[in-house]
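Using the hints, position chain B against chain A.
There are 2 protein chains.
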Amino acid sequence: MKLYDLEISGNCYKIRLFLAVLGIEYTRIPVDVKAGENKTSEFLEMNPNGLVPVLTDGATTIYDSAAILVYLAKTYADEEWLPGEPIQLSSVVRWLAFEQSEVRYGLCRARAKLLNMPTPLAQLGTLEDSQALARQALDILEKQLTQNDWLAGGLKPTICDIACYPYTAMGPEGGVSLQPYTAVRRWMEKIESLDGYIALPGQVRI
Amino acid sequence: MKLYDLEISGNCYKIRLFLAVLGIEYTRIPVDVKAGENKTSEFLEMNPNGLVPVLTDGATTIYDSAAILVYLAKTYADEEWLPGEPIQLSSVVRWLAFEQSEVRYGLCRARAKLLNMPTPLAQLGTLEDSQALARQALDILEKQLTQNDWLAGGLKPTICDIACYPYTAMGPEGGVSLQPYTAVRRWMEKIESLDGYIALPGQVRI
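So the sequences go chain by chain: A and B. Reading the first sequence from the start, the letters are residues 193 to 398 in our numbering. Reading the second sequence from the start, the letters are residues 193 to 398 in our numbering.
Isolated chain A (complex conformation):
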């Protein structure tokens, strides 16, 4: 298994984290995004959008972090990480979608702007808009995590916890404090206690 990877990217970190928690060995292939290695014809054949992460597993190529988490869970993990039962599966997909929505355009975008990340997202809109949406995202997470240990509402973590964790935990790198969000911080600590947990890239907390 090969992961086309960028150290600083939270989307790549999601995959590294899940692989580490599952105890799966893989080869990490750093992609020099600043040098345009994600825009070569070889890379675009793997992901036409020219974005990391990309995972290859034998003849299979998967791009997009949510899609990779689904593939890994269905192929290599216990069902608890991606339950097949309709209500539970719909809940996992809801929070994967939330991650691509409020989390991406709020928390992730604010960080991309402040760190001057080499991604189109960093060019979109203003820092103030991003931070406002980041706080909306944290409000929604706080509400859910006040009533539930894990995002999808079950007794065990699922891939949507893995998906939502990185950009939430790196909120302060986008100028968004996590101090007011008690339940979010408790949930983060639980993720950080998972067997196999690996540290975030260059984490700044609170």
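Derived from the structure by calculation, the hints contain no laboratory data. All values reported here derive from a predicted model rather than from experimental measurement. Don't take every hint at face value.
Cross-link-like lysine-lysine pairs, in silico, DSSO-like; alpha carbons within 27 Å at most [to be verified]:
| id | chain 1 | residue 1 | chain 2 | residue 2 |
| --- | --- | --- | --- | --- |
| 1 | A | K335 | A | K382 |
| 2 | B | K382 | B | K266 |
| 3 | B | K382 | A | K231 |
| 4 | A | K348 | B | K348 |
| 5 | A | K335 | B | K231 |
| 6 | B | K266 | B | K226 |
| 7 | B | K335 | A | K194 |
| 8 | B | K266 | A | K266 |
| 9 | B | K382 | A | K226 |
| 10 | A | K335 | B | K335 |
| 11 | B | K226 | A | K335 |
| 12 | A | K266 | A | K226 |
| 13 | B | K335 | B | K226 |
| 14 | B | K348 | A | K266 |
Coordinates of chain B only, in the frame set by chain A:
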């Protein structure tokens, strides 16, 4: 089955369309969002985010359009609408996530701004940003649909086609022309030919 619904909402329309294609009878409960009916304590108990659509099915309550599509597909539809095979499922989730990302913050947001929709999304960022992201979304869709009949890459439509169709087809209501996107328009026609298809709310085409 009850759908808490707003006629003009593309997210609600996704559910009405899928229910119609599946031939499922349901009761439509209009929610007067302008009058704040989505902020009452009864409504917030169903969806803490105070947004339509919400579906109830017996004792089960599901909110968020992607989550509702997953629930309906897993509970009432043939497996082709949401395949369980890892690569296919990951592809469906990729495009559901894309819908909540570029489609939502591009096509949907541009429309929300121009139609002055009663949703927080209409307040976020500028029209120009929204339209630029809308064109990025259409470029990505065009690339995928030039090589594939359906978004997830299989021979039949899945719930990610249902999810991506409404705000794409309503692009012109956000000031974004679909004229340059031949493959996208061909895909839209195929969706519009599905048995049970129902018309978009107040559609403006090209």
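Hint consistency between K266(B) and K266(A) [alpha-carbon to alpha-carbon, up to 27 Å]: Given pair K266(B), K266(A) holds - Cα atoms ~16 Å apart, limit 27 Å.
For the pair supplied as a hint, K348(A) and K348(B), confirm whether the alpha-carbon distance does not exceed 27 Å. Violated: K348(A) and K348(B) sit about 34 Å apart, past 27 Å.
Does the alpha-carbon distance linking K348(B) and K266(A) stay inside the 27 Å limit? 21 Å, holds
Agreement of K382(B) and K226(A) with the hint, judged by alpha carbon distance not exceeding 27 Å: The hint is violated at about 40 Å.
Compare the distance between the alpha carbons of K335(B) and K226(B) with 27 Å, and conclude whether the hinted pair is satisfied. Since the Cα atoms of K335(B) and K226(B) sit roughly 38 Å apart, the hinted pair is violated (cutoff 27 Å).
Agreement of K335(A) and K335(B) with the hint, judged by alpha carbon distance not exceeding 27 Å: Violated - the C-alpha atoms of K335(B) and K335(A) are around 39 Å apart, more than 27 Å.
Does the alpha-carbon distance linking K335(A) and K231(B) stay inside the 27 Å limit? 15 Å, holds
Are the Cα atoms of K335(B) and K194(A) separated by 27 Å or less? 25 Å, holds
Satisfaction of hint between K226(B) and K266(B), Cα-Cα up to 27 Å: 33 Å, violated
Is it true that the CA of K382(B) sits at most 27 Å from the CA of K266(B)? 23 Å, holds
Would you check the hint for K382(B) and K231(A), treating anything up to 27 Å between C-alpha atoms as holding? 32 Å, violated
Checking one constraint from the list: CA of K266(A) to CA of K226(A), max 27 Å. Satisfied? Distance ~33 Å between K266(A) and K226(A) Cα, so the pair is violated.
When held up to the earlier numbered hints, the structure conflicts with 3, 4, 6, 9, 10, 12 and 13 and fits the remainder.
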